[in-house]
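Trainee: Each chain, letter by letter, is given below.
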Amino acid sequence: MNEAVVDESGTDGVMRARFDYARPATAQEAIKLKSQLGEKARYWAGGTDMTLLWQRSEIQFDHCIDIRQLDELDYISVEPDSIRIGAMASLSLLERSAEAHHLLATLSDITKLMCTPQTRTLATVGGNLCNASPASDLSPAFVAMNAQVVILGEDGERSVGMFEFFEGVNKTALRGTELLKEVTIPLPSAGQIAASYRRIDRTVVDIALVNAASALTVSDSGEIKKASIALGAVAPVIVRSEAAAQPLIGRTLDELDDAMLAAAGEAASKDAKPISDVRASAGYRRDMVKVMVRRSLADCVEQLKG
Amino acid sequence: MTMLKVNNRTLEVTSRPDRTLADVLRNDLGLIGVRVSCSEGECGSCTVLVGGEPCTSCLMLVNQAEGQDITTIEGIGSQDDLHPIQQAFIEEQGFQCAFCTPGFIMSAKAFLAENPNPTADEVSVAMSGNICRCGAYPYIVRSVLRAAEKLRKSSGQQAAE
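Same order as they appear, the protein sequences are chains A and B. Its first residue numbered 1, the first sequence is counted upward by one per residue in the numbering used here. Its first residue numbered 307, the second sequence is counted upward by one per residue in the numbering used here.
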């Protein structure tokens, strides 16, 4: 039963940039198309940010290359040495993958803080990362987990650290026609890893005023082998605080008392370079970094002690 | 030419690609149960099901929905044969002005398919992507709980038959 509906104007009367649309069948095809169309073409994933930018005329482009439905980039898989998350995995897929691994459970909890249930079905992990918002909820967690990203280009793949991927506000290591393929979270070959994310916000849909993620890897005897602390919304890019993490290495879980966690928070706070804006003052943000770092570390310790 | 499968009908839409699904559903197909309020994916009024999953249709390009099953409020019940969730919203008066109601009902439909026996708190979380400016939230939660009950009963009946 087909019915033809003819539309020539039928919009809401608001003038916006016009563009044409293509849905390539493979990632390689998308890259080829982008290289043909050049600067005026944009990759389009879940579109939850792009639609807004387009509607507000904040971006100019002539061609939309829709990659949202590329099945080859839509997966979450747990392997012995890593967790691999395809760039087009939706936030709702990530939300539902909690059972597969405890690090995915941490990430699943994070997605529940992001936008709304019916935008999480559209939004993708890759889109969130490529938008490179300093207040992103996932970015600090991936940085703390020492994740790598795999980038697809015309001449094959390359890997970049999650931390190095972010180059500025809305700026990433992607060049030219490159496309984000996946996020890889390495898993320790011995011992255990735990990660936690904390943020200050007011309600659902809010973005973080301040956030922090921690990850600790301990040996079977409970000695901390790796520690990583990442801060969001306190600089143009995610901040990695070595000063906070370093003193924890070599300690045992039992040695990580309140004073040590608080000291890590203090050290992290010194690495934060927050601004004052409509959401919060720099001073408040710096204070809250201390609290978020302390709490996220305490979460990790609790998880590891079981 | 875009082929849309809306409410079990296949429709050819002649449209520019630079339009949102919500815009086309409302203005081309006359499905005005799809409400557009914020146009930013925050209020949930434009919630429709795409492939069974709830989506804010104001943030989706019309072409992105091509080939997938789209369900709007018009597709789940009619005036003479209301969907159990619609009936429950009436019985519990889960609205005041009702502008947001189609969005709430579509969210509830997707949620109850996944969690047929929710607690009130789970309903609140699941409905967190829909805003009701009249503030009918307590009634909406009760409506969804009653809808869950109705749906459980009818699926139990079906199983018994």
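Each hint should be verified, as a subset may be incorrect.
[What the hints assert, rightly or not] Estimated spans, in silico, between C-beta atoms of each pair:
1. A:291 - B:344: 30 to 40 Å
2. A:28 - B:374: 48 to 58 Å
3. B:373 - A:84: 18 to 28 Å
4. A:258 - B:464: 48 to 58 Å
5. B:373 - A:62: 20 to 30 Å
6. A:81 - B:388: 47 to 57 Å
[Stated by the list, open to error] If you want a taste of the chain A side facing chain B, the calculated C-beta under 8 Å gives, among others:
7. 19
8. 55
9. 163
10. 246
11. 284
[As the list claims (entries may be wrong)] Some residues of chain A that are not near chain B, with every Cβ distance over 10 Å (derived):
12. 35
13. 48
14. 52
15. 59
16. 69
17. 81
18. 102
19. 112
20. 117
21. 121
22. 122
23. 187
24. 258
25. 302
If you are wondering where the hints come from, they were derived from the structure by calculation, not from laboratory data. Note that beta-carbon positions come from the ideal geometry of N, C-alpha and C, so glycine has one too.
Trainee: So which hints don't hold here, by number, going up?
Mentor: Those not satisfied are hints 2, 9, 10, 11, 13, 14, 16, 19, 20, 21 and 22.
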